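Undergrad: Now for the letters of each chain:
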Amino acid sequence: ETGVTQSPTHLIKTRGQQVTLRCSSQSGHNTVSWYQQALGQGPQFIFQYYREEENGRGNFPPRFSGLQFPNYSSELNVNALELDDSALYLCASSLDIGGEKLFFGSGTQLSVL
Amino acid sequence: AQSVTQLDSQVPVFEEAPVELRCNYSSSVSVYLFWYVQYPNQGLQLLLKYLSGSTLVKGINGFEAEFNKSQTSFHLRKPSVHISDTAEYFCAVSGGSNYKLTFGKGTLLTVNP
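Going down the list, the sequences are from chains V and F.
Going by the numbering used here, the first residue of the first sequence is number 1, and it counts up by one from there.
Going by the numbering used here, the first residue of the second sequence is number 114, and it counts up by one from there.
Worth flagging that the hints you see were computed from the coordinates, not collected in a lab.
Please note: incorrect hints may appear among the correct ones.
[Stated by the list, open to error] In silico lysine to aspartate or glutamate, DMTMM-like type, Cα no more than 25 Å apart, as pairs:
1) Lys13/V with Glu53/V
2) Lys162/F with Asp198/F
3) Lys218/F with Glu201/F
4) Lys101/V with Asp198/F
5) Lys218/F with Asp198/F
6) Lys101/V with Glu177/F
7) Lys218/F with Asp121/F
8) Lys162/F with Asp84/V
9) Lys162/F with Glu177/F
10) Lys101/V with Glu129/F
11) Lys218/F with Glu82/V
12) Lys13/V with Asp198/F
13) Lys162/F with Glu201/F
14) Lys13/V with Asp85/V
15) Lys171/F with Glu133/F
16) Lys218/F with Glu177/F
17) Lys171/F with Asp198/F
18) Lys162/F with Asp121/F
19) Lys162/F with Glu133/F
20) Lys101/V with Asp84/V
21) Lys182/F with Glu129/F
22) Lys13/V with Asp96/V
23) Lys218/F with Asp85/V
24) Lys171/F with Asp96/V
25) Lys101/V with Glu52/V
26) Lys218/F with Glu133/F
27) Lys218/F with Asp84/V
Only a predicted model underlies this, so the values are computations on that prediction, with no experimental measurement involved.
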């Protein structure tokens with residue numbers, strides 16, 4: 001059973017606003033990755049944090065930013081929300097920076113109106 | 114760069130029938146391959162993975178997949194499906210820096226009684 005928890009589960013924002021999504025990693029995991037899953041699509045890699053440092057980034061603009069804290073929990077921040085940012089945001093933690101053993105949370109469903 | 118193509122967006126089958134979900138990938142480097150399952154309103158759960166070694170990989174819930182390097186395929190199979198297997202299935206590839214997964218668009222498996 002996954003120990004990755006995300007909050008909130010659902011969120012509604014309006015265009016131009018800012019949003020913060022939170023993720024609590026599975027115990028002992030020092031790496032967290034964030035993915036965006038638009039309706040009818042597969043998840044797309046946003047970025048990864050390893051020991052509080054960004055370790056890689058996908059094709060997302062700078063208004064998508066993140067943080068990882070000393071307890072390895074994480075935040076995803078999105079500024080200047082656009083309608084196309086509406087999606088399910090998934091957080092995944094792992095023991096190391098390899099992509100082999102990812103444990104996913106249930107996601108935050110963001111709707112931008 | 115890597116890419117994943119899931120050849121069927123929807124696969125309807127009857128209970129106890131066999132099923133194959135098709136996945137092709139492209140990559141310029143050696144890859145790791147994965148199948149994930151997503152039940153409604155949940156995150157992703159790892160079904161199985163190919164890292165190296167035997168090309169036939171067995172996973173959870175009776176699923177298996179075969180890595181075929183010459184055909185760049187990693188098709189998922191189950192000899193007899195259950196109603197509870199109804200879900201979205203995602204094929205994914207990781208390679209090179211190994212820190213991110215590239216997903217296909219998913220295949221919706223619907224098992225009918």
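Undergrad: Next step is simple, just say for each hint if it's right about the structure.
TA: The hints, checked one at a time:
1. Lys13/V with Glu53/V: violated, 28 Å
2. Lys162/F with Asp198/F: holds, 18 Å
3. Lys218/F with Glu201/F: holds, 10 Å
4. Lys101/V with Asp198/F: holds, 22 Å
5. Lys218/F with Asp198/F: Between Lys218/F and Asp198/F the Cα gap is close to 18 Å, so the pair holds against 25 Å.
6. Lys101/V with Glu177/F: Measuring from Cα to Cα gives roughly 18 Å; hence the hint holds.
7. Lys218/F with Asp121/F: holds, 9 Å
8. Lys162/F with Asp84/V: violated, 32 Å
9. Lys162/F with Glu177/F: holds, 9 Å
10. Lys101/V with Glu129/F: violated, 30 Å
11. Lys218/F with Glu82/V: holds, 22 Å
12. Lys13/V with Asp198/F: With Cα atoms ~34 Å apart, Lys13/V and Asp198/F exceed 25 Å; violated.
13. Lys162/F with Glu201/F: Satisfied, since the Cα-Cα distance of roughly 17 Å is no more than 25 Å.
14. Lys13/V with Asp85/V: holds, 10 Å
15. Lys171/F with Glu133/F: holds, 14 Å
16. Lys218/F with Glu177/F: holds, 20 Å
17. Lys171/F with Asp198/F: This hinted pair holds, its Cα atoms lying about 16 Å apart.
18. Lys162/F with Asp121/F: holds, 20 Å
19. Lys162/F with Glu133/F: Cα-Cα ~16 Å, so holds.
20. Lys101/V with Asp84/V: With Cα atoms ~29 Å apart, Lys101/V and Asp84/V exceed 25 Å; violated.
21. Lys182/F with Glu129/F: This hinted pair is violated, its Cα atoms lying about 30 Å apart.
22. Lys13/V with Asp96/V: Violated, at roughly 34 Å.
23. Lys218/F with Asp85/V: holds, 18 Å
24. Lys171/F with Asp96/V: holds, 23 Å
25. Lys101/V with Glu52/V: holds, 19 Å
26. Lys218/F with Glu133/F: holds, 16 Å
27. Lys218/F with Asp84/V: Status holds; Cα separation ~17 Å.
Hints 1, 8, 10, 12, 20, 21 and 22, counting from the list given before, are not met by this structure.
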